[in-house]
Amino acid sequence: MSAARLYGGFRLFSSSAVQRNAVGGKSLVEAVAVTKNGRTIVAWHPDTPVPYENTLPLPEISEIQSSAVVKESALKTAMRAFKSKHPEVARQELMQLTHTTKHRWFPRARDRKAKQTPMDRPYL
Amino acid sequence: MSAATKLHKTSWCALRQLQQYRTKANFSGSSASLAKRNDLFNQEQRRQRDAVGRIDKIEVRYLGLPEDVTLVMNGNISTPFNCAQHLSEGHCKRSALALIDGSVPWDMHRPLQESCTLQLLNFHVSEPHVVNKAFWRTCSFMLGAALNRAFKPEANLQLHSFPGPNIKSGSFVHDIVLQTQNWEPGKEEMRALSAEMVKLAAQDLRIERLDVQQDLAQEMFKDSKYKSEQLPSISQQTNGRVTLYRLGDHIDISRGPMVASTSFLGKCVISAAHKVAEEGPSGAFYRIQGVALPSGFQLNHVAFGVLEERSKKPSPARLPNEPFEEQQQLQLS
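Keeping their order, the protein sequence lines are chains W and B.
Taking UniProt numbering, the leading residue of the first sequence gets 1, the next gets one more, and so forth.
Taking UniProt numbering, the leading residue of the second sequence gets 1, the next gets one more, and so forth.
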């Protein structure tokens, strides 16, 4: 019974069905086969190399040099020297620099508590 | 709000440290001569410290707040800063300049040589003209360091000199040579230079002084064409000795004195860059001008804008391309 159902389903993989695919008639599947026990259907579709004459170069992403004299890094970070960072922005930058989560950069209440340290003089 | 402020302070300090580690990893060609210059500076500093020999005690009579005291210090080793450390932390932080025997300005980190009377000057004393001149000179010196940091290697920046501080001109000045004759600085570039000055001030770098012989100075500045040209006339005026100052890793020639550290710089704007002359086939002299206030002085932006506009006018100080022999007065550095 199950074998008959399988053979009935195999009709879906006839040659006319293989030709109809989404890539405008291009056949990406080179071959279709069924294993001996009939449990697996294999489709062979290797990567198609793109010929070099069909390619174009990537567009040039040239850096815009806003000054011929002053460094770009100095120009970009100039405003940072005059204005304080928002804590959230500082946290984001610290996360990126250190590859950590944000939680360790929040203030901790335990840092504001007095420590239990012994007195440094015997009469206190 | 206090928690956010504390967080911001902690995060900013950590971020600044990390960024400093990043920038230290960058190497460039000019860092080799800079490292050699600093190495020679360190060697001479160590040699002069070792040449003191027997340590004599000197008596330093301190006049000022909170009371007049007599301190017993080490000759040729102790500095006015060490005397301030005996008084209080506030004295260490606030004192920009020292006055020896009531008349001689003395750097805070320059060793005292013999028994003397000491006064510590800050920017709130009743006669601040001595410390103002030192501050102005320090701003010119810091401007040289900031320009070195901000300019591209392709610009071939050469620091020429900075004239003596003239407070009436309304701006401190540094003369440079660039390998371009048509640099028209925009607002962004001026803001970047001002930011470099603010960064230097935030780093709180100590300004060290060193007197060296002319041949050692010639060796340190042999890669700089203009410094090598200036050194014979400088040492001729000062009995064969050349006074050098160091800020971080930036070393320059100056007559001095200067304030103790860069943290005394408060509000600062680099306002103008005037082209003064052409130099050779492709280079030109430029005069960079700015104005600054000491830290702790608050001034609203309208009043500071007036000072800023005043500082944009071309400075009447001696131009770098004028012949040096024509003016007998001691004006260079």
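No wet-lab data here; the hints were simulated from the structure.
Hints may contain errors.
To be verified - Below, a list of computed lysine to aspartate or glutamate pairs in the DMTMM-like style, where the Cα atoms sit at most 25 Å apart:
| hint | chain 1 | residue 1 | chain 2 | residue 2 |
| --- | --- | --- | --- | --- |
| 1 | B | K275 | W | E72 |
| 2 | W | K71 | B | D249 |
| 3 | W | K71 | B | E184 |
| 4 | W | K71 | B | E279 |
| 5 | W | K83 | B | E309 |
| 6 | B | K267 | W | D120 |
| 7 | W | K83 | B | E279 |
| 8 | W | K71 | B | E188 |
| 9 | W | K76 | B | D56 |
| 10 | W | K71 | B | E278 |
| 11 | W | K71 | B | D101 |
| 12 | W | K71 | B | D223 |
| 13 | W | K85 | B | E188 |
| 14 | B | K312 | B | E278 |
| 15 | W | K76 | B | E184 |
| 16 | B | K199 | W | E60 |
| 17 | B | K187 | W | E72 |
| 18 | W | K83 | B | E188 |
| 19 | B | K152 | W | D111 |
| 20 | W | K83 | B | D204 |
| 21 | W | K71 | B | E308 |
As the list claims (entries may be wrong) - Residues from chain B that keep clear of chain W, each with C-beta distances beyond 10 Å, as calculated:
| hint | residue |
| --- | --- |
| 22 | L34 |
| 23 | I58 |
| 24 | L71 |
| 25 | K93 |
| 26 | K168 |
| 27 | V177 |
| 28 | L178 |
| 29 | T180 |
| 30 | R191 |
| 31 | A195 |
| 32 | V198 |
| 33 | R209 |
| 34 | Q237 |
| 35 | Q298 |
Said to hold, decoys possible - So the derived list for chain B, only partly shown, Cβ under 7 Å to chain W, looks like this:
| hint | residue |
| --- | --- |
| 36 | K152 |
| 37 | P153 |
| 38 | E188 |
| 39 | E189 |
| 40 | A192 |
All values reported here derive from a predicted model rather than from experimental measurement.
The beta-carbon is built from N, C-alpha and C at its ideal position, and this holds for glycine as well.
Here's how the hints hold up against the structure:
no., hint, result
1, B/K275 / W/E72, "holds, 22 Å"
2, W/K71 / B/D249, "holds, 19 Å"
3, W/K71 / B/E184, "holds, 15 Å"
4, W/K71 / B/E279, "holds, 23 Å"
5, W/K83 / B/E309, "holds, 22 Å"
6, B/K267 / W/D120, "violated, 42 Å"
7, W/K83 / B/E279, "violated, 38 Å"
8, W/K71 / B/E188, "holds, 11 Å"
9, W/K76 / B/D56, "violated, 53 Å"
10, W/K71 / B/E278, "holds, 23 Å"
11, W/K71 / B/D101, "violated, 46 Å"
12, W/K71 / B/D223, "holds, 23 Å"
13, W/K85 / B/E188, "holds, 20 Å"
14, B/K312 / B/E278, "holds, 21 Å"
15, W/K76 / B/E184, "holds, 19 Å"
16, B/K199 / W/E60, "violated, 35 Å"
17, B/K187 / W/E72, "holds, 14 Å"
18, W/K83 / B/E188, "holds, 16 Å"
19, B/K152 / W/D111, "violated, 43 Å"
20, W/K83 / B/D204, "holds, 18 Å"
21, W/K71 / B/E308, "holds, 24 Å"
22, L34, "holds, 16 Å"
23, I58, "holds, 34 Å"
24, L71, "holds, 27 Å"
25, K93, "holds, 22 Å"
26, K168, "holds, 28 Å"
27, V177, "holds, 12 Å"
28, L178, "violated, 7 Å"
29, T180, "violated, 7 Å"
30, R191, "violated, 5 Å"
31, A195, "violated, 4 Å"
32, V198, "violated, 4 Å"
33, R209, "holds, 27 Å"
34, Q237, "holds, 33 Å"
35, Q298, "holds, 15 Å"
36, K152, "holds, 5 Å"
37, P153, "violated, 9 Å"
38, E188, "holds, 6 Å"
39, E189, "holds, 5 Å"
40, A192, "holds, 4 Å"
Hints 6, 7, 9, 11, 16, 19, 28, 29, 30, 31, 32 and 37 from the earlier list are contradicted by this structure; the remaining hints agree with it.
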